[in-house]
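Q: Now for the letters of each chain:
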Amino acid sequence: MTLWHFARISPADVERLAADLAPASAIASSALRRDLLALEPRYVEALTHVLAVLRPEDAAALEVLGRQPPHVLSIRQVRRIAGQLAFLSARRLGTQLCAGLLAGEDPKAVSTHVSGLSAWIRDTALFRKGVVATLDQ
Amino acid sequence: VITHTIHAVSPAFLAACVRTPEILERWLGGDDSGIDPRRFAANRETRALAGPEGLGKVRSTDDGLELDGWLPALRWLLLRAFPDEPEAWAALDGDASEEFPVFRLRYGVGFSVPVARRLAGLLEVLPTVDVMKTYEPTALSADRIYPEVWSEPGMREHVEQAFYKLRRVFTRAARDEDAVLVTVTL
Chain A
1 MTLWHFARIS
11 PADVERLAAD
21 LAPASAIASS
31 ALRRDLLALE
41 PRYVEALTHV
51 LAVLRPEDAA
61 ALEVLGRQPP
71 HVLSIRQVRR
81 IAGQLAFLSA
91 RRLGTQLCAG
101 LLAGEDPKAV
111 STHVSGLSAW
121 IRDTALFRKG
131 VVATLDQ
Chain B
1001 VITHTIHAVS
1011 PAFLAACVRT
1021 PEILERWLGG
1031 DDSGIDPRRF
1041 AANRETRALA
1051 GPEGLGKVRS
1061 TDDGLELDGW
1071 LPALRWLLLR
1081 AFPDEPEAWA
1091 ALDGDASEEF
1101 PVFRLRYGVG
1111 FSVPVARRLA
1121 GLLEVLPTVD
1131 VMKTYEPTAL
1141 SADRIYPEVW
1151 SEPGMREHVE
1161 QAFYKLRRVF
1171 TRAARDEDAV
1181 LVTVTL
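Protein chains in written order, with my numbering: chain A, 1 to 137; chain B, 1001 to 1186.
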């Protein structure tokens, strides 16, 4: 099963990724591994889609979440996404997801995954520096 | 003296103020004892100024937040705490940018629902402790932001309270999907 790993990484790691000096898997297993969040891509894609529907004015900021990894989000992008999530309840998101792209799935499981991602993004937004990478593994 | 007052208003009210500045002037020119929002919205002359679009819901001024001179100080603190968000903090004071297209009105600043929500999101996720760490009375005074007040006792607590209130008004607007109007009295 393909998983996307969300990791808080250092600016130096970003440069290594951008310069193709290190594979994403090496970054993922770096010292920041404890900050990893692994999710199936469909949860991230569905969440991105729902947020774009609920918050169309910020679709551009959210779009980066749904791209194919590896890609990097700046701390400012993380703050924008966290800010959007701050005013949406997990229940509302879960309802929207199960009524749409994740129709037929267990609402409880969907809600758990979305809440996990939401909490992780909000925690990450507290950081003043650093970036987030979504790493395919 | 600059007084900033923040109100959550309906998007229609903000749009009317942008379209017809006299509406905001009438609002600001109200009785000092408080403006009854219903009477204000129902007033025949106000309605005529608002035109067919109307004013929508106008909240009680009890919801208003008196910021007095705190806003410049908060902008200063936020910029020092999070220098990578200069557009957001400038927007609080009415300086528009691509991401924060605020409305500069003759006596105030208007924030549309999406912009208010974006600012609310930022104020919500940034830790207050990081903002308040940057509070330095001598540096504030050196930057000529109300230099006479910061050495007085209890000012740090006042600034912190102003930050909480600012965040609360924007957060409430974000949850209620109201616009935000900052009126500035010079």
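Calculated from the structure, these hints are not laboratory results.
In this text the structure is predicted, and so the values were computed from the model without any measurement.
Just so you know, not all the hints are guaranteed correct.
[Unchecked claim] Pair by pair, the computed Cβ-Cβ distance ranges are:
1) A:100 with B:1086: 33 to 39 Å
2) A:38 with B:1042: 56 to 62 Å
3) A:18 with B:1099: 22 to 28 Å
4) B:1158 with A:22: 46 to 52 Å
5) B:1147 with A:63: 30 to 36 Å
6) A:99 with B:1047: 24 to 30 Å
7) A:23 with B:1086: 32 to 38 Å
8) A:100 with B:1176: 22 to 28 Å
[What the hints assert, rightly or not] To be clear about the criterion: a stretch of chain A counts as covered by chain B if any three or more of its residues have a C-beta under 8 Å from a C-beta of chain B, and this derived list gives those stretches:
9) 6-14
10) 115-127
For glycine and all other residues, C-beta sits at the position ideal for the given N, C-alpha and C.
Q: Compare the structure with each hint and give your call.
A: How the hints compare with the structure:
no.: 1; hint: A:100 with B:1086: 33 to 39 Å; result: 37 Å, holds
no.: 2; hint: A:38 with B:1042: 56 to 62 Å; result: 57 Å, holds
no.: 3; hint: A:18 with B:1099: 22 to 28 Å; result: 24 Å, holds
no.: 4; hint: B:1158 with A:22: 46 to 52 Å; result: 49 Å, holds
no.: 5; hint: B:1147 with A:63: 30 to 36 Å; result: 45 Å, violated
no.: 6; hint: A:99 with B:1047: 24 to 30 Å; result: 41 Å, violated
no.: 7; hint: A:23 with B:1086: 32 to 38 Å; result: 35 Å, holds
no.: 8; hint: A:100 with B:1176: 22 to 28 Å; result: 25 Å, holds
no.: 9; hint: 6-14; result: violated (count 0)
no.: 10; hint: 115-127; result: holds (count 3)
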